[in-house]
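Participant: What follows is each chain in one-letter form.
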Amino acid sequence: MKAIKVKNLSKIYKGDIRAVDGISFDVDEGIIFGFLGPNGAGKSTTIKILVTLIQASGGSGKIFGIDVVKDPSKVREMIGYVPQEISADASLTGYENLMLAAKLYDIPAGVREKRIEEVLEIFDLKERADNMVKTFSGGMIRRLEIGQSMLHQPRLLFLDEPTIGLDPSGRKLVWQHIRRLNKEKGITIFLTTHYMDEADELCDRIGIISGGKIATVETPSALKDLVGGGTLTIDMDLGEHAANAKEFLTELLQTDVVSMTMLSDSKWRFTINNVTHNGPKVIQKLMEQKVGFKDLEIKSPTLEDAFLKLTGSKLDEEASKASWKNITGRRRTIRRMG
Amino acid sequence: MPSAMNFLRKTGVIFEFEVRKIAHDPIEVLVRVVQPILWLVIFGSVFTQYKAIPIPGDYTYRAFITPGIMAQSVMFTSIFYGISITWDRDSGILSKLMVSPTSRTSIVLGKALSAGVRGIIQSMVIVIVALALGERFDIGPLNILGIVLVIFLMATCFASMSIFIASFMKNRERFMGVVQLIMMPLFFASNALYPIKIMPTALQYVAKGNPLYYVVDSLRSLLLTNDLSSLPFDLGVLFVITVIFVLAGTWGLKRLME
Numbered sequence: 001m002k003a004i005k006v007k008n009l010s011k012i013y014k015g016d017i018r019a020v021d022g023i024s025f026d027v028d029e030g031i032i033f034g035f036l037g038p039n040g041a042g043k044s045t046t047i048k049i050l051v052t053l054i055q056a057s058g059g060s061g062k063i064f065g066i067d068v069v070k071d072p073s074k075v076r077e078m079i080g081y082v083p084q085e086i087s088a089d090a091s092l093t094g095y096e097n098l099m100l101a102a103k104l105y106d107i108p109a110g111v112r113e114k115r116i117e118e119v120l121e122i123f124d125l126k127e128r129a130d131n132m133v134k135t136f137s138g139g140m141i142r143r144l145e146i147g148q149s150m151l152h153q154p155r156l157l158f159l160d161e162p163t164i165g166l167d168p169s170g171r172k173l174v175w176q177h178i179r180r181l182n183k184e185k186g187i188t189i190f191l192t193t194h195y196m197d198e199a200d201e202l203c204d205r206i207g208i209i210s211g212g213k214i215a216t217v218e219t220p221s222a223l224k225d226l227v228g229g230g231t232l233t234i235d236m237d238l239g240e241h242a243a244n245a246k247e248f249l250t251e252l253l254q255t256d257v258v259s260m261t262m263l264s265d266s267k268w269r270f271t272i273n274n275v276t277h278n279g280p281k282v283i284q285k286l287m288e289q290k291v292g293f294k295d296l297e298i299k300s301p302t303l304e305d306a307f308l309k310l311t312g313s314k315l316d317e318e319a320s321k322a323s324w325k326n327i328t329g330r331r332r333t334i335r336r337m338g
Numbered sequence: 001m002p003s004a005m006n007f008l009r010k011t012g013v014i015f016e017f018e019v020r021k022i023a024h025d026p027i028e029v030l031v032r033v034v035q036p037i038l039w040l041v042i043f044g045s046v047f048t049q050y051k052a053i054p055i056p057g058d059y060t061y062r063a064f065i066t067p068g069i070m071a072q073s074v075m076f077t078s079i080f081y082g083i084s085i086t087w088d089r090d091s092g093i094l095s096k097l098m099v100s101p102t103s104r105t106s107i108v109l110g111k112a113l114s115a116g117v118r119g120i121i122q123s124m125v126i127v128i129v130a131l132a133l134g135e136r137f138d139i140g141p142l143n144i145l146g147i148v149l150v151i152f153l154m155a156t157c158f159a160s161m162s163i164f165i166a167s168f169m170k171n172r173e174r175f176m177g178v179v180q181l182i183m184m185p186l187f188f189a190s191n192a193l194y195p196i197k198i199m200p201t202a203l204q205y206v207a208k209g210n211p212l213y214y215v216v217d218s219l220r221s222l223l224l225t226n227d228l229s230s231l232p233f234d235l236g237v238l239f240v241i242t243v244i245f246v247l248a249g250t251w252g253l254k255r256l257m258e
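Just so you know, the protein sequences line up as chains A and B, in that order.
Mapping of the first sequence onto this note's numbering: position 150 corresponds to residue 150, and the numbering continues sequentially without gaps.
Mapping of the second sequence onto this note's numbering: position 207 corresponds to residue 207, and the numbering continues sequentially without gaps.
So here's chain B without its partners, still in its complex pose (with noise of 0.2 Å):
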């Protein structure tokens, strides 16, 4: 078998097994969509009453932060991924899979993307949601196959940075400690809640090399504002990040077995 399609196969196969397991236990995908719930009905209504953070277009703060919450969600579930890989490894699970016929990026990629599942159920109660709330977003078709797209993309990337911080920690304490270190910043040096105009001059070259930054910005731009300038750039800078972390979190794993 040619082993790119070989790869392409096995990617899928560790994928499908992946969703598998989160189709064995919904529950759990649906209880992290409450906190990102509370984040647009109690901070998004408020500040919308307030008109406190200047925003540009004439959107409510609410339908201006929601894809905001959205990435948010996604971001903060695919980046402790890497904690089910240290499980993995602690039980004999990750070592099976390392000696079947399998590439170690297969691994990575597959259950990376499989975060992008997650993403996208959690993204869609976040707009219903938001629709609920009285917000109304002016989509076409294909503006939901980029949202989706951009999801599955930031998932990826989230979760095998997370793969690759991972093989890094010998415990997974000091695993989590690390991961909720970087989570919060990542969150507000970026333009989740706010326009990065209003940001100090220096937090805005912080927030440019952030990539949650792009993920935002596309966000917004398909869900809300359907200007698409800047959505091929963002696009490009998101993927480019993601081959780099895949790759990282692939050679993490070859770390984690010595």
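Just chain A, same shape as in the assembly (with noise of 0.2 Å):
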């Protein structure tokens, strides 16, 4: 059975604003899934639909077999949900925030604490379970609340930009907590990402979205190869080819490479599709003609590629606007909590 089948999934605002604009995909159980677009994409938008907080204005969502709109109480039941905005309370410690989850998720009070306990542990809070959460870092906070939606022992989480305002080691540590609660708990993940290198380090399947509709789903690395082109550059030595070295790289390698670009007078750019695998190719052709190697460099098209060659606009100029807005925002979020 699908973790989740969305049909036509639509979201109008007032205005005919379409925040979300017909979509449709599926999420197999078991893998990380994730949806990599610009803010404003309609990202956070499917996610309220998915997770009953918000009504579809037309289409359907279902989160293993049971609609989101008829039984948004069984549902709530299956899911874990962390928004993108802060959102355990300030004003209570890390183990009451965790108390305040496990009841509201009906955890029986028998299996409550050690169900605390194991989640203070893996999530590395046990010293500072015990401090207002007003005191800790952007980190800490992220963790704090991975954890309070995984209590209650759900099959499905939705993480909404689960890294966003974080600092470098601070995500990395998110990301293994989230590989690890799918590898080892088995959960099904759904993020949302602006971060092109999160949705490339993270996610089994991406879905590329952008003005409300989903250009795509693929595996990361089937939406580098729709970009084709990687590059090889070499610096060598042609040796007594020198004098005519356009002519003899073209005769040499005129079915492997899709285009070549001289940068220097040793220097030799080529664009070649699935570089990963051709590109060896190419690199033994010259050896056999005993040519000389100064210096190699191979490049994979990235997910910056794919975004760019499917939608047509560049990810960071869309975001980078709109994530400076969402950042400062988070920030007030945080110094009012404070």
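For the record, the hints were derived by calculation from the structure and aren't laboratory data.
Even glycine gets a Cβ: it sits at the ideal position worked out from N, Cα and C.
Careful: at least some of the hints might be erroneous.
Simulated coverage check for chain B against chain A, where a stretch passes if three residues somewhere in it have a Cβ under 8 Å from a Cβ of chain A [what the hints assert, rightly or not]:
1. 17-27
2. 99-111
3. 219-225
Using the hints, put the two chains back together into the complex; each one sits in its own frame.
Facilitator: Next up, the structure:
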């Protein structure tokens, strides 16, 4: 059975603003699935519909076969949700936050303590459990929040921008925890992100979303293959062929490369399909011709390139404006809570 | 689990953790008692001396307004409760509560009831100050129980009214403005500081539609006069208004998410 099944889902706000514009996709049980797109692409709106917070304007969403509109309370019991904004209560202690979640999710009194201990252990929060959350770092708050969301052992976790506003070491730690929840506890994970590296690092499948529409759903490597050209840059000693380098290289490599550019007298860049696979063949051919190598660089296409190709816009540009707003907003939230 | 049981239990959980927050920051509650004490000590004492306002019965003016000041102080605290809901909305706290298997009404009622705990603490301080100023209240344990009930009821009433109002406000500044605008009329168009008999007739009708009137009337009968004849009616009206506002607040909570 599919963990998530979405069909023609849409959310239209006043003034015909289509936050989500008729999207369809499935998520298999047991994987980490990511929505990658800039802020305002419709990622959070989709999550909010699926976790029963807001109503869709059209279409349907099913969680393990259960319709989110028809039976929201059943859906709520099966899922955990960590919103993008800070959702741990700063005026309670870490332990109290966990106890609150445990009680709201009807975890029997006999096992509450044990589950909370376990979560504190997993997320490395034991020492600070009795401190007020307003004294926690951003990374600790995030870990606490993910801990809260898995106390009731959900089959599916929704994480909305799980590492937004965290420093690099905090992000790495959160990534580790997400992977462990998926691998060791078998929890299916649906996350949204506007960070390329995050999607690449964590996700088994990625849905590229922009302007309320899904461009495609693929594995990270398939997405990169979509772009086609990786590059191979070689600084070489052509020896006797140096005088007529262009003719020599064209003749030798025309079946293997898409295009070639001369960067300097000895330095050439080749664009090659599926470069990690075909690049070595090119190198071997050159070696057979007794070409000497001084320097060599292979560059696979990035998700960034895939995103650009699929949506026609650069994620960084779109996101940088929006995420500034986002981060300042989030900072404000922290300040107010503290 | 039967849903009625679950509803009560979840309301209790929300209430419990709101009270824990109060316990973490007791200073905040005590600061709020300063203003009502000033009313009692300064306003009450001055008007007691000059007997400027005719009051029924054989009490000082200060004793007469003690229940009124209790009601005012609890109302002024509860009526700002909506602001904490908008904070919870802007952070992810409210989203997370609403995604848990917890009824929306439990969330509103649990939070609103916790305003009652603040109310009880404030009222106790006010009564102690009144006693210190030489007033005497001749009441039994049943009266005290009744007072506790009225304070919880009114705190729930005004806190859920506040949540309802907050659901219409796009930002906190506007919310503060609107609440400031309505709380003074609610206070003055009531029997907190004077019997409504001395008001113009039109204003008397307004006062009868003001929930605070029923609060003060029942608190005054329980604390001061021991004439409980109008108490059932007062409590009935208050209860109905409270139920209406809790349901309106629940509806407001759904609005807040959209």
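Participant: All hints, please: hold or fail.
Facilitator: Here is what the structure says about each hint:
{"no.": "1", "hint": "17-27", "verdict": "holds (count 5)"}
{"no.": "2", "hint": "99-111", "verdict": "holds (count 4)"}
{"no.": "3", "hint": "219-225", "verdict": "violated (count 0)"}
The structure is inconsistent with hint 3 alone, although it conforms to all the rest.
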